[in-house]
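Bring the two chains, given one by one in their own frames, into a single complex with the hints.
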Amino acid sequence: MKIPTEEQVLQIVYRAMDDLNPQLPAERRLEKSPDTPLFGRAGRLDSLGLVNLIVAIEQAVEDDLGATVTLADEKAMSQRSSPFRTAGILAAYVRARIEESAGGA
Amino acid sequence: MPEPRVVLVTGARKGIGRALAEHHLARGDTVVGLSREPSDLSASGYRHICADVCDEAGVKKAFAEIRRELGRLDVLINNAGIAAMNHALLTPMETVGRVLGTNVAGTFLLCREGAKLMQKRRSGRIVNFGSVATPLKLEGEAIYAASKAAVVTLTHVLARELADYGITVNAIAPTPVKTDLIRNVPPDKIERLIERQAIRRFGEVRDIANVIDFFTSPASDFVTGQVIYLGGIA
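Chains Y and R, in that order, are what the protein sequence lines are. Each residue of the first sequence is one higher than the one before, starting from 239 at the first, in the numbering used here. Each residue of the second sequence is one higher than the one before, starting from 8 at the first, in the numbering used here.
Simulated from the structure, these hints should not be mistaken for laboratory data. Be a bit skeptical, because a hint or two may be false.
Heads up, simulated DSS-like pairs for lysine-lysine below, C-alpha to C-alpha not over 30 Å straight-line [unchecked claim]:
| id | chain 1 | residue 1 | chain 2 | residue 2 |
| --- | --- | --- | --- | --- |
| 1 | R | K127 | Y | K240 |
| 2 | R | K67 | R | K21 |
| 3 | R | K68 | Y | K313 |
Chain R extracted, bound-state conformation (with noise of 0.2 Å):
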């Protein structure tokens, strides 16, 4: 038997997040899940680290542990992120701040200490997260769809800057999944989002775990630096 893939799931506490922790533990990896609060999911495979995606002090911490408990990295899911829908003339400037810094510097935070991990096996495996706000230039999502915009730009440099240690870094941009991120939009605009997709539905976590399966395979060595839209969005 293989060893267990270890795998970090950030965001992990709930949504789709929490979803992509469980699955990973069904498929028999080890997983550790980071939020900045405590989760209630207990299953032997999971533990949970507290820390803030931003906080570049806890989140070296939690690498450190990561090392120290467990050894080794070998899929990093940078999950993690919020949203803000306002219309760009009543956006604060806290607002951008936050957005920007967990979407933008927490995914790239988390980059970099799980290339560090990574390197000295030669191989990882990491998957960001885009999304369909970025090539749909939803209005009322300024920020929210530029930050991922420099998430999609931040996975092709770093698929080029850490293919030398044989890790492959790729996204994907999911589509509205039912989830606390758009609890706030309203139904209608959800609606005619959904219209513009290719295939007309909701997203779901099998969606998304399906396509991380691929990104995360052994057999996906050779695929870097891509990023695959649900729903037929391109």
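Just chain Y, same shape as in the assembly (with noise of 0.2 Å):
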């Protein structure tokens, strides 16, 4: 499997953003930028939010790359800086994550 470079991965952030949007009340709505704030302090979503922008971004992962990955395992839990903090985190995040995958394969 070719490795998505990381503005592949933030296209596929945002498809999965494009998701979860239409659920989500208009002032909590993401933009796609990278420095979109998503989870944690000052983030867009709640903790359902998180969940659920997680499952659609694993799912496109699968669609697009062919690629299984579980993006809240415990490494992610633990990181002292969640990968979670805004869209260009995340999306550098997801990427070691394929990278990893693929590796491991």
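Structure (structure tokens):
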């Protein structure tokens, strides 16, 4: 499997946002920018919203790349700097997980 | 005509799972059977996926296939389970791991991945399998009964966690049914167990299917976190 660029993964994250936005109140909708805060301080998502976004990204990664990744594993939850802070940080994290999954395959 | 429901049955190769797959096919559902070994069930509306319910990668692959090919999941029936009947002092740790792995971790994994697929449509029905071994505190079944107690707790907690997604989670707890699961249990032990039921007979697949039909009916969208014991056990 070819590892996608960070920009390609960012596009996957944006698509997942498109999936999620209709379910969010107008003031919490996610803008397509790497700096969009997601979860934590200043984050737009509550924990349910974060779960929905993670699931949407996992499914988009499966659809586009045929790779199965689990994003919310213990590693992510125990990272001091959460990978769910902004869209850009999340995209980098997703890409790293795809790389790991390809390496382990 | 409404679209057929997509029903996933684990442990579908034989026994209760096979019969439940046939029951749902007869109702006009699209049925996906999942088990470690291939199935000889061949019917229009049926597809079989080989996966071990404890294998995360295999299960995730199975759900990716369901999503790709069928696009949805309406009902998940977590029937796959194994039993170990032995005095606690003679129960190897390998057996403990296997029973907890399939019955508890397997049920959890299927619930997790199933709910991911269901949540998009904001509706779904999950039916787990408890056992009368838990309330009857059956001797010789410490690990099996404990594993099914864990399934009941999972059912209660997941019912709350998944309610916001429109997903209900309930459990059916059958009495002994004549399948491979109880093949090695001495007949006198089974008889004594049946004597403790209010209605003293073996369970039948139709008894189980009836409760599952109730849990999964569209009208049951206010029924979640419940465990129904057959035969008058409580």
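Tested hints:
no.	hint	in the structure
1	K127(R) <-> K240(Y)	holds (28 Å)
2	K67(R) <-> K21(R)	holds (23 Å)
3	K68(R) <-> K313(Y)	holds (22 Å)
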